[in-house]
Amino acid sequence: MAKNHTSKIELKVELDENRIPESLKWTAQDGGITNQEAKAMMLSVWDAKAQETLRIDLWTKDMPVDEMKVFFHQTLVTMSDTFNRATQDEKMTATMKDFCDYFAEKLELKK
Numbered sequence: 000m001a002k003n004h005t006s007k008i009e010l011k012v013e014l015d016e017n018r019i020p021e022s023l024k025w026t027a028q029d030g031g032i033t034n035q036e037a038k039a040m041m042l043s044v045w046d047a048k049a050q051e052t053l054r055i056d057l058w059t060k061d062m063p064v065d066e067m068k069v070f071f072h073q074t075l076v077t078m079s080d081t082f083n084r085a086t087q088d089e090k091m092t093a094t095m096k097d098f099c100d101y102f103a104e105k106l107e108l109k110k
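All residue numbers for the sequence shown refer to numbering that gives the first Met the number 0, where the first residue is 0 and numbers rise by one.
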């Protein structure tokens, strides 16, 4: 029987004296990413035993608010795509995409 491959994703968070993130870096060797800088991240993990989502939301103190709005919008869009791939629920995916358009319109992200 062939041995399964293990892939590692690593996150490094540098904090200031008040434990506020100053820098975020991530590495995913299989994806060719090494110590790539990021300004924000969201990580969600499903705890099947507790039937709940655990999450880590971090952003650096120099993350501009306008970029945070774009980050959230793009995250919502990709969550819609992921939802569709996971469930094949086209009707709810379309509803989620409509909300993403509404979100972008209200934040004036789309002209």
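Accuracy of the hints is not assured; some may be wrong.
As a list, the in silico DSBU-like pairs of lysine-lysine whose alpha-carbon atoms are at most 35 Å apart [unchecked claim]:
1. Lys11 to Lys105
2. Lys109 to Lys68
3. Lys60 to Lys96
4. Lys7 to Lys48
5. Lys60 to Lys2
6. Lys68 to Lys48
7. Lys2 to Lys90
8. Lys38 to Lys24
9. Lys60 to Lys90
10. Lys11 to Lys24
11. Lys7 to Lys24
12. Lys68 to Lys2
13. Lys11 to Lys109
14. Lys68 to Lys11
15. Lys38 to Lys11
16. Lys60 to Lys7
17. Lys90 to Lys48
18. Lys60 to Lys11
19. Lys48 to Lys96
20. Lys38 to Lys7
21. Lys109 to Lys48
22. Lys68 to Lys38
23. Lys11 to Lys48
24. Lys24 to Lys48
25. Lys96 to Lys38
26. Lys2 to Lys105
27. Lys11 to Lys90
28. Lys60 to Lys38
29. Lys109 to Lys90
30. Lys48 to Lys2
Okay, the calculated beta carbon distance ranges per label pair [unchecked claim]:
31. Leu53 to Ala85: 34 to 40 Å
32. Thr26 to Ala85: 23 to 29 Å
33. Asn17 to Met78: 15 to 21 Å
34. Arg54 to Asp88: 27 to 33 Å
35. Glu104 to Ile19: 19 to 25 Å
36. Leu10 to Phe98: 26 to 32 Å
37. Lys7 to Lys90: 33 to 39 Å
38. Ile55 to Phe98: 36 to 42 Å
39. Ser22 to Thr77: 35 to 41 Å
40. Asp65 to Phe98: 32 to 38 Å
Derived from the structure by calculation, the hints contain no laboratory data.
Don't be surprised by glycine CBs; every beta carbon is placed ideally from N, CA and C.
- Query: Of the numbered hints stated previously, which ones are contradicted by the structure, given in increasing order?
  - Reply: Hint check: 5, 7, 9, 12, 21, 26, 27, 31, 33, 34, 35, 38, 39, 40 fail, others pass.
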